[in-house]
Amino acid sequence: MPDRRFPTRYSAVAQGFHWVIAALIVVQFTLAWTAVDLPLGVHKLALLARHKSFGMTVLMLVVLRLLWRLKNPPPALPPGMTPPQRKLARITHAAFYVLLFAMPLTGWMMSSAKNYSVSWFGIFTWPNLIGKNETAFKLLLSTHHILSYALFGIAVLHILAALKHHFWNKDDVLLRMLPFTNAGKPKPEKRS
Amino acid sequence: MIRTLVAAVALCVTATVAAAVTAGAAGTATSYLADPQQSRLQFAGQQAGAEFTGVFHKFTAAVEFAPDALASSQFDVQIDVNSLDTLDNDRDTTMRGADVFDVAHWSTAHYVARNFTKTATGYKAAGALTMHGITKDVPVDFQFTQSAAGVKLVGHAQLKRLDFGVGQGDWKSTEWVGDAVKVSFSLVLKPKG
Chain L
567 MPDRRFPTRY SAVAQGFHWV IAALIVVQFT LAWTAVDLPL GVHKLALLAR HKSFGMTVLM
627 LVVLRLLWRL KNPPPALPPG MTPPQRKLAR ITHAAFYVLL FAMPLTGWMM SSAKNYSVSW
687 FGIFTWPNLI GKNETAFKLL LSTHHILSYA LFGIAVLHIL AALKHHFWNK DDVLLRMLPF
747 TNAGKPKPEK RS
Chain G
38 MIRTLVAAVA LCVTATVAAA VTAGAAGTAT SYLADPQQSR LQFAGQQAGA EFTGVFHKFT
98 AAVEFAPDAL ASSQFDVQID VNSLDTLDND RDTTMRGADV FDVAHWSTAH YVARNFTKTA
158 TGYKAAGALT MHGITKDVPV DFQFTQSAAG VKLVGHAQLK RLDFGVGQGD WKSTEWVGDA
218 VKVSFSLVLK PKG
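Those sequence lines, one after another, are chains L and G. Plus 566 on top of the position in the first sequence (first one is 1) and you've got the numbering used here. Plus 37 on top of the position in the second sequence (first one is 1) and you've got the numbering used here.
Source of the hints: derived by calculation from the structure; they are not laboratory data. Even glycine gets a Cβ: it sits at the ideal position worked out from N, Cα and C. Hints may be right or wrong, so weigh each one.
Stated by the list, open to error - So the derived list for chain L, only partly shown, Cβ under 7 Å to chain G, looks like this:
1) LEU606
2) VAL608
3) LYS610
4) ASN681
5) SER683
6) PRO693
7) ILE696
8) LYS698
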């Protein structure tokens, strides 16, 4: 049993959070980019309703993910990374968490400001965070939009970094986040 | 002495019965108009799973009512559909458009009730609503209160928007915009004339 304080691999739970949220973000971009070009109508309403439900799902998952992370620290960065690289990795990961909160929160506030309450898949309705305010809506819409580009940029950087670690540095940074691999698992002791 | 007492009791009973009979007899309904400043007409629908509410800013409600004169009571409400307000211009514009309320053709909705019954909690009006060119029965439950503060009429109704053809084309679907609509009102009545 590996020491939980010094893991060498992401736990199955951490991997689950990572990949489910990653998949939801892809869905979110697809829904948003499709809806944004549509005229106001039933189709747009449907796409945005799903976008809101998935967005609130991400918000709930990120809360759980952070709580899990506090109890279960992630594996250390591999040796051989320079201090600036370590700093960039930490900033990127922190920015992800900030954006994963900021995106759904600005979206939720946008809906509130336009007096369109957010339903979660029609099962229940979230309370409005702020009152009807057209100026606030426009400001929040552009914030949500700009943050989405920041999220997109950071995701690209994150993917490129993971690939660089895998193919260039040949370390297990990518593999230890992948399910169904043994990378990072303590290997059985070999007698030399 | 006893004879006097019996006579007095008999007189009392007669007076009470007479009063009861008078009260039970049909009185006359009082004519009122809803005060536009203090009255409110609201609707609530379902959009993408969440409730949204709106009001009609402009409407006139002529009410003739008295609890002891249900037979001669009546409601006549004219609603300016164009005055709808759901606190969002995009939604309001869509709702006024040809595929929803089509205010260009049907700018007023009209509710008339002449049939009233007493219920456990208040009264029920069996009236008909004409909206979007279609007339359907819409019962309204309400309470009528008279106090020092004034005369109030508070109530609600349930209707289905598609019964009135409100929602054509894509808006006929009830997947993202519900069919059921709740209507509620709070009217402050002022005697007419």
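Check: Taking the closest Cβ pair, is L/ASN681 under 7 Å from chain G?
Finding: 4 Å, holds
Note to self: Does L/LYS610 hold up as a contact with chain G if the rule is Cβ-Cβ below 7 Å?
What the structure shows: Where the cut-off is 7 Å and the nearest Cβ of chain G is about 10 Å from L/LYS610, the hint is violated.
Margin query: The hint names L/VAL608 as touching chain G; please verify it with the least Cβ-Cβ distance against 7 Å.
Written below: Check passed: Cβ of L/VAL608 comes within 4 Å of chain G, closer than 7 Å.
Note to self: For the restraint on L/ILE696, tell me whether the closest CB of chain G is nearer than 7 Å.
What the structure shows: 12 Å, violated
Note to self: Restraint: L/LYS698 near chain G, CB-CB cut 7 Å. Satisfied or not?
What the structure shows: 4 Å, holds
Margin query: Checking hints one by one. Is L/PRO693 an interface residue toward chain G, by the C-beta closer than 7 Å rule?
Written below: 11 Å, violated
Check: Should the hint that L/LEU606 touches chain G count as held when the rule is a Cβ pair under 7 Å?
Finding: 6 Å, holds
Notebook entry, point to check: Is the shortest C-beta separation between L/SER683 and chain G less than 7 Å?
Noted result: Holds, about 4 Å.
Checked against the numbered hints above, the structure breaks hints 3, 6 and 7 and satisfies the rest.
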